[in-house]
Amino acid sequence: MTETLLDIAMMHADSLISRAKDGDQNAQGRVVQLWYKRIYNFCYKFFLDHDLAMEVSQKTFISMCKNLPSLQDNARFKSWLYKIAVNYCREEARKKKGSRSLSFDVVWNRDAEDSPQWESTSHRNENPERQLQHQELSEVLQEALLELNDEQREVVIMKEYEGLKFREIAEVLNISENTVKSRMYYGLDGLKKILERRNINKETIGYGI
Amino acid sequence: MGYKASEQDLIAYLYGELEGIEKEAMEKYLHEHAESREELEKLRQLRNTLSHVQDKEVIAPPIFLGDTRQRFFGSIPYFKTILSIAASLLILLMAAKLSGLQLRYAGRQMVISFSGGSQVKPTETPTPAPSLTSDEVNKMIHSALNENNQAMQTSWTETQQKLDASITKNLAANSAKIDNLVRESSAASQEQIRQFVSGMQTENMQLVKNYFQLSSNEQKQYVESLLVDFAKYLQQQRNDDLQIVQTQMKSLQQNTDVLKQETEQILSSIISTVGNSNSLGVKN
Chain A
1 MTETLLDIAM
11 MHADSLISRA
21 KDGDQNAQGR
31 VVQLWYKRIY
41 NFCYKFFLDH
51 DLAMEVSQKT
61 FISMCKNLPS
71 LQDNARFKSW
81 LYKIAVNYCR
91 EEARKKKGSR
101 SLSFDVVWNR
111 DAEDSPQWES
121 TSHRNENPER
131 QLQHQELSEV
141 LQEALLELND
151 EQREVVIMKE
161 YEGLKFREIA
171 EVLNISENTV
181 KSRMYYGLDG
191 LKKILERRNI
201 NKETIGYGI
Chain B
1001 MGYKASEQDL
1011 IAYLYGELEG
1021 IEKEAMEKYL
1031 HEHAESREEL
1041 EKLRQLRNTL
1051 SHVQDKEVIA
1061 PPIFLGDTRQ
1071 RFFGSIPYFK
1081 TILSIAASLL
1091 ILLMAAKLSG
1101 LQLRYAGRQM
1111 VISFSGGSQV
1121 KPTETPTPAP
1131 SLTSDEVNKM
1141 IHSALNENNQ
1151 AMQTSWTETQ
1161 QKLDASITKN
1171 LAANSAKIDN
1181 LVRESSAASQ
1191 EQIRQFVSGM
1201 QTENMQLVKN
1211 YFQLSSNEQK
1221 QYVESLLVDF
1231 AKYLQQQRND
1241 DLQIVQTQMK
1251 SLQQNTDVLK
1261 QETEQILSSI
1271 ISTVGNSNSL
1281 GVKN
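In order, the protein sequence lines correspond to chains A and B.
Quick note: the first sequence uses the numbering used here, first residue 1, plus one each step.
Quick note: the second sequence uses the numbering used here, first residue 1001, plus one each step.
No wet-lab data here; the hints were simulated from the structure.
Note that beta-carbon positions come from the ideal geometry of N, C-alpha and C, so glycine has one too.
Take these hints with a grain of salt, some might be off.
Claimed, not checked - No more than 27 Å apart at the CA atoms, straight line, and that leaves these computed lysine-lysine pairs for DSSO-like:
#1 B:Lys-1080 / A:Lys-66
#2 A:Lys-165 / B:Lys-1028
#3 A:Lys-95 / A:Lys-21
#4 A:Lys-83 / A:Lys-37
#5 A:Lys-59 / B:Lys-1056
#6 A:Lys-192 / B:Lys-1023
#7 B:Lys-1023 / B:Lys-1042
#8 B:Lys-1056 / A:Lys-97
#9 B:Lys-1042 / A:Lys-193
#10 A:Lys-66 / A:Lys-21
#11 A:Lys-59 / A:Lys-96
#12 A:Lys-165 / B:Lys-1023
#13 B:Lys-1056 / A:Lys-95
#14 A:Lys-59 / A:Lys-37
#15 B:Lys-1080 / A:Lys-59
#16 A:Lys-192 / B:Lys-1056
What the hints assert, rightly or not - Stretch-level coverage of chain A by chain B, calculated; a stretch enters the list once three of its residues show a Cβ under 8 Å from a Cβ in chain B:
#17 39-47
#18 157-166
#19 189-197
Claimed, not checked - Across the chosen pairs, the derived CB separations fall in these ranges:
#20 A:Leu-71 / B:Leu-1093: 42 to 52 Å
#21 B:Ile-1112 / A:Gln-25: 44 to 54 Å
#22 B:Tyr-1015 / A:Ser-15: 27 to 37 Å
Using the sequences and the hints given, assemble the complete structure.
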């Protein structure tokens, strides 16, 4: 897993972070190099939009470089960084919500499942098999992810793709570990239903790949 | 115990973040409850599906701190342009000052000039001075050059002579030293060779002596042992011979004894027979 590798790099980078804290620009650059891909991918999965993801990750790292001296515990760097990213993501999502008539972060609930809104949002994916044949499973999954609400999406991405511990996610979001776990549970449950609705299961994946 | 696995515990178990007693309890619970097991399996499958999402490759743009500074300055409007205009004006002024730029407006003439406005008048005055002195200057330069050359040459020759002298001295001293060294070393080496040779000779002599001594001793011993052995052998032989002679003598003795007895017996029998016949004859 990339996460474990990153964790190892992170251990080695402990001194790097303390150097970056002291204002060593070289070290700051290295930290950015080390984490940019993770933060970018987090943002990308959150928005499913390259430009927005680039913007948010750049903002995140600018803020990181500015505020690094205020970081007290180097071991908390990871959750601290994700916290910044999550905050910028939320900010950007709010802007987007205000500017667009059709909000993309439809608050997901079970009642809404049967509402006609579902039909309108999933009209692009009428033929998932064909998409799978074109090896776009990754994108289909990410679109499914996008249908979750923000809170669940954050947690699912951080847990499933960024490999943070539940404790770390709780730290990032400033909520209790149990809340994180139940968000994860409902997020996964929601994803399962979305994928069933889109007719994606083990067989179709096997067929697509 | 009535343990009921919550959604949170299930999720934590799914991601391997339950430990110790909690984990054991969960495993026991799963063992007993098939529907929870099924749910967990479904979640695992979902995770497996989700793992097909690929990370996008991206290269971090090297921007950050420089960017923030630029933003800071940029945030004050017109500050930059005003500053640049002021700077360029300052540069212009400096250039004008350095190049002696003069702008004059006299009568109806606009005069722009570098290095002062009196460039017209002095053209007449400086001409006679150089025309008068050019030959002199040339001469002076020549004489000065000659003097300099001579001085240089004398100093050159002096230094060369000195150098030559010192080199020859050094050469002589060095060659003498080297000769001495060579002689000493040759003498030393001759003696050394002599010593070495004599040492070798004595060593060889001793070696040969030792060898001879050793070999003669060995030979002596060998010959002695040979002689002793031979003597012993002779003795043995003689003993054996004596024994043989003795036994033969004994057997001879026995034979003669037996013969004697036989002859006695024969003689006696003869005598008896003769006696009998005589008596019979008499009777008859």
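Evaluation of the provided hints:
1. B:Lys-1080 / A:Lys-66: With Cα atoms ~24 Å apart, Lys-1080 of chain B and Lys-66 of chain A stay inside 27 Å; holds.
2. A:Lys-165 / B:Lys-1028: 24 Å, holds
3. A:Lys-95 / A:Lys-21: Violated, at roughly 31 Å.
4. A:Lys-83 / A:Lys-37: 16 Å, holds
5. A:Lys-59 / B:Lys-1056: 19 Å, holds
6. A:Lys-192 / B:Lys-1023: 25 Å, holds
7. B:Lys-1023 / B:Lys-1042: Holds, at roughly 19 Å.
8. B:Lys-1056 / A:Lys-97: 25 Å, holds
9. B:Lys-1042 / A:Lys-193: 12 Å, holds
10. A:Lys-66 / A:Lys-21: 9 Å, holds
11. A:Lys-59 / A:Lys-96: Holds. Lys-59 of chain A to Lys-96 of chain A sits at ~16 Å (cutoff 27 Å).
12. A:Lys-165 / B:Lys-1023: Cα-Cα ~16 Å, so holds.
13. B:Lys-1056 / A:Lys-95: This hinted pair holds, its Cα atoms lying about 25 Å apart.
14. A:Lys-59 / A:Lys-37: OK: Lys-59 of chain A and Lys-37 of chain A at ~14 Å, within 27 Å.
15. B:Lys-1080 / A:Lys-59: The hint holds at about 24 Å.
16. A:Lys-192 / B:Lys-1056: Satisfied, since the Cα-Cα distance of roughly 24 Å is no more than 27 Å.
17. 39-47: The restraint on the segment 39-47 of chain A holds, since 4 of its residues have a Cβ under 8 Å from chain B and three suffice.
18. 157-166: holds (count 5)
19. 189-197: holds (count 3)
20. A:Leu-71 / B:Leu-1093: 42 to 52 Å: 50 Å, holds
21. B:Ile-1112 / A:Gln-25: 44 to 54 Å: 50 Å, holds
22. B:Tyr-1015 / A:Ser-15: 27 to 37 Å: 30 Å, holds
Consistency with the previously given hints fails for number 3 only.
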